[in-house]
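Visitor: Once you have looked at the hints, place chains B and C on chain A.
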Amino acid sequence: MSGYMSGVLAILGINIIFAYSIYITAATGQLNLGGAGFQAIGAYASAILSNEMGFPIGLTLIFSSIFGGLISFLIAFPILRTKGVYMVLATFAIAEIVAGIILNSDYLGGPTGIVVNEYIETELILIIAVIIVLFGFYLMSTRIGLAMRAVHDDDAVANLMGVNTRAIQIGAFTLGGAIAGLSGGLYALYFGFVEAQYFNANISIFVLLFVLIGGTQTAWGPLIGASFFTLIPEALRIGDDWRFFIFGVIIVAMMIVRPEGIVTRDALDRVWFKFLGRTNV
Amino acid sequence: MFFEQLLQQVINGLMLGSIYISVAVAFTLTIGILNFLNFTIPALYMLAGMVGWSLSHYGLPFGMSGPINWFLALLIGIICAILGSLLVERFTYRYFKMKHGDATEHAIPLVSSLGFLLIFEYLILIAHGSDTRGFVTPFSNQDWRLFGFIISIPQFFSLIFSILIVAGLSILLNRTKLGRALRAIAENPDVATLMGIEVNRIVPIVFVMTGFLCGVSASIFAINYHEVSPYMGDHVGTKAIAAMVIGGLGSVWGAIAGGLIVGLSETLSIYFFGASSAQITVWGLLLILLVFKPTGLFGHNAIGKGKF
Amino acid sequence: MSETILRISNVSKSFGGVQVLENVTFTVIKGNRHALIGPNGAGKTTLFNVISGIHEPDEGSVSFEGNDLTQVPSRKRIKKGLSRSFQNIRLMPHLSVLENVMLGQHSRFGIFDLLKPLYFSIESTGKIEAIETLRRFGIDLYEGRTVSSLPYGVRKKIEVVRALMAKPRLLLLDEPAAGLNTAETDELRKFLNEVSDSGVTLLLVDHDMPFVNSLCQQVSVMNFGQLIYNGNVSGLRKDKKVLDAYLGSDD
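Protein chains in written order, with the numbering used here: chain A, 1 to 281; chain B, 1001 to 1308; chain C, 2001 to 2251.
Rather than coming from a laboratory, the hints here were simulated on the basis of the structure. Quantities reported herein were computed from a predicted structural model and do not represent experimental measurements. Don't be surprised by glycine CBs; every beta carbon is placed ideally from N, CA and C. Check each hint, because a few of them may be wrong.
Residues from chain C shown here face chain A by an in silico Cβ test under 8 Å; the list is partial [said to hold, decoys possible]:
no.: 1; residue: Ser2052
no.: 2; residue: Glu2056
no.: 3; residue: Ser2074
no.: 4; residue: Lys2079
no.: 5; residue: Arg2090
no.: 6; residue: Met2092
no.: 7; residue: Pro2093
no.: 8; residue: Leu2095
no.: 9; residue: Met2102
no.: 10; residue: Leu2103
no.: 11; residue: Gly2104
no.: 12; residue: His2106
no.: 13; residue: Lys2116
no.: 14; residue: Asp2140
no.: 15; residue: Glu2143
no.: 16; residue: Leu2180
In isolation and in its complexed conformation, chain A is listed as follows:
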């Protein structure tokens, strides 16, 4: 595999994992516009643990997830008291604060960033991506997944049906944070360098857009969304700025024509039914 191809697949893998982290919370009805903050936590945890403490790669990645999950968990309690636009803004604020803390901390490298000594190959990223994708499908196929989607559609009634709405929301947020942390850890180890300026609002916005455009109704959404927006610009050899311009046009068009996203529940059922002759459940 050429170096270029390898690089694209690594980015694809990281984007897919990141997308699933946002998808898991979005499927429950919460929009996280601060994904970059949790990715940064994982990335910096990874950088520090492998540089300073000489952790082996596996352990580093586990801790990246744990840090991402832990901080999400702590934040979930106050954040999930907010709703709608307030929650979007609160998650946005979290990411800005994380970036701000990193910029101000000399230990964390400040504006200069940290060079990461350990290195991983694309193959590892892809393997982990496959595991996460399978996990995503598995989760949504269980009664917990059903409960999550119920909370998304009508949390008041879900509650009356016996679903522990609060636990589901906090759980989803925490799990999302852990997976975002994992994607950050992989980023740090692959690219060998982390800086706070990278984990900015644009990153948070893009990953949320991958998920919303891919579709939040099924576990295919984040896979399709992340793949579409990572691979198509590469395939068409579109330069950086034009890529985002076209991205913008596609988003506006999608919201007019197909706001539920590329993969919807109905569309999936029709495909499933046609090929397998039976339903999804």
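Guide: Chains B and C in isolation, oriented as in the chain A frame:
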């Protein structure tokens, strides 16, 4: 000595706040009346600034004229912001129909506005590149010295101007027929239609106001800080959102208060703790507010709950 | 001796100064089919909400099978045996018929069952039961479609099945016949009779008087937040207060 320096910083902070005021009002109006967090606003701001600069530097496109007078250039910039805003209305808000009212559906206009943010931002980046450019006006560097404090004249007048524009807007909202229609739409768009209000004709007016406010703010920035860049929207956008929340979503006077508070906290934070601390201070303040008192200073409960 | 399954004692509730429920007291006997009727705005749905735990009564209490429900959060009441349907249909729009119905079973499962994948086994927990009940009620599975595209009458019936999936001992139905045509109402009555025969107590709100008359034995009538009649369905026609409430008094 310390006290004087502190007061100078306070003055600087208030002046900085004046930039944030108009943009914050644009955000707060859109969310108050249309329940729509319009992320295109920073791009409209940038559009006005960059178009204004481009006209004053190069003149009209395709060599139709030489460099244009700064005032006219900024005015055309404002008009471009308004046109851009109307584009957003046409292709974003007008298509939106709520079917189920769940969380991801509410996000649709927000997502569209993000799309337009990308469109405008990258269009300018492609056409112009990423350089910051200087903007020259006849007022550069004129200060008053008052009791040993430096007050920049253009900044002072900008602050007054911002407040006047927003006060005018407030009067429009509270005392005119148009204002009543807007407030009716804010309460309940369906009932407003039943009452005979032509929602489809009035909603674009909110977008016109949005474009206007962004354009005015960008002009003030260009005049006072003598520069424009394709990233100027990003710098102001997040601060203006913070200002909106602090003042309370939907409250115009709240946006003024919020803008000044953000300007103040930013300046004081930089003065005491260094340049990169401003981010934490402003956003930390914002987060605490969102969790404990989301209605901010003057907002009220109905706005934004479960809505975008 | 007939056992009381639900006891409403002196329940009062006001919202923002408006007294919606005033000193309401009645009991529901286990195994009965009990109707709660009254003009619009009488407070029937509010009472249902108090029983479900959505609202806390300002005064009075609700007890179910002899246990006071006051401390029990609304989420836990379905597990205690108390399930309900809603006046405005509240099905999950993005879920299929089967999924909506299976959601009703959620409270019956522990964490290990909740983590089992549903999709890859045909006979997953509860799925057979859900399909069977839908079939008994004459509801097609509408495979490949989400609930939002289905006709009103069908969605109304699905909500009842969902409430049944929790295997409740008391089923609260808020206007289950509203909007149904004669044939559908007949089907509903047959179905509810079967449900009642299997041991489930029914408490239902409805405006369709023939439906109520043909299905229920007991009835409680509310007007302006107060209980004005509590007794047999047969005594309803003769009660002066009820007639006044519905028809208006001449003096």
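Visitor: Using 8 Å as the Cβ threshold, decide whether Asp2140 (chain C) counts as touching chain A.
Guide: 12 Å, violated
Visitor: Return the status of the interface hint for Arg2090 (chain C): holds when the least beta-carbon distance to chain A is below 8 Å, violated otherwise.
Guide: With a minimum Cβ separation of about 5 Å from chain A (threshold 8 Å), the hint on Arg2090 (chain C) holds.
Visitor: Just to be careful: measuring from the Cβ of Pro2093 (chain C) to every Cβ in chain A, is the smallest value less than 8 Å?
Guide: 6 Å, holds
Visitor: Is the interface hint satisfied for His2106 (chain C)? The criterion is a beta-carbon contact with chain A at less than 8 Å.
Guide: 5 Å, holds
Visitor: Let me know if the C-beta of Leu2103 (chain C) comes in closer than 8 Å to any C-beta of chain A, holds or violated.
Guide: Nearest chain A Cβ about 5 Å off; hint holds.
Visitor: Does the nearest C-beta of chain A fall within a distance shorter than 8 Å of the C-beta of Lys2116 (chain C)?
Guide: The hint holds - Lys2116 (chain C) has a Cβ within 8 Å of chain A, the shortest such distance being about 6 Å.
Visitor: With a cut-off of 8 Å on the beta carbons, see whether Leu2180 (chain C) makes it to chain A.
Guide: 21 Å, violated
Visitor: Minimum Cβ distance from Lys2079 (chain C) to chain A below 8 Å?
Guide: 6 Å, holds
Visitor: Is the hint on Leu2095 (chain C) kept, meaning its closest Cβ partner in chain A is under 8 Å away?
Guide: Holds. Min distance 6 Å.
Visitor: Measuring from the C-beta of Glu2143 (chain C) to each C-beta in chain A, is the shortest one below 8 Å?
Guide: Nearest chain A Cβ about 4 Å off; hint holds.
Visitor: Would you check whether Met2102 (chain C) satisfies its interface hint, that is, whether its CB is within less than 8 Å of any CB in chain A?
Guide: 7 Å, holds
Visitor: Hint validation: Ser2052 (chain C) versus chain A, beta carbon distance must be below 8 Å. Holds or violated?
Guide: The hint holds - Ser2052 (chain C) has a Cβ within 8 Å of chain A, the shortest such distance being about 6 Å.
Hint violations for this structure: numbers 2, 14 and 16, all remaining hints satisfied.
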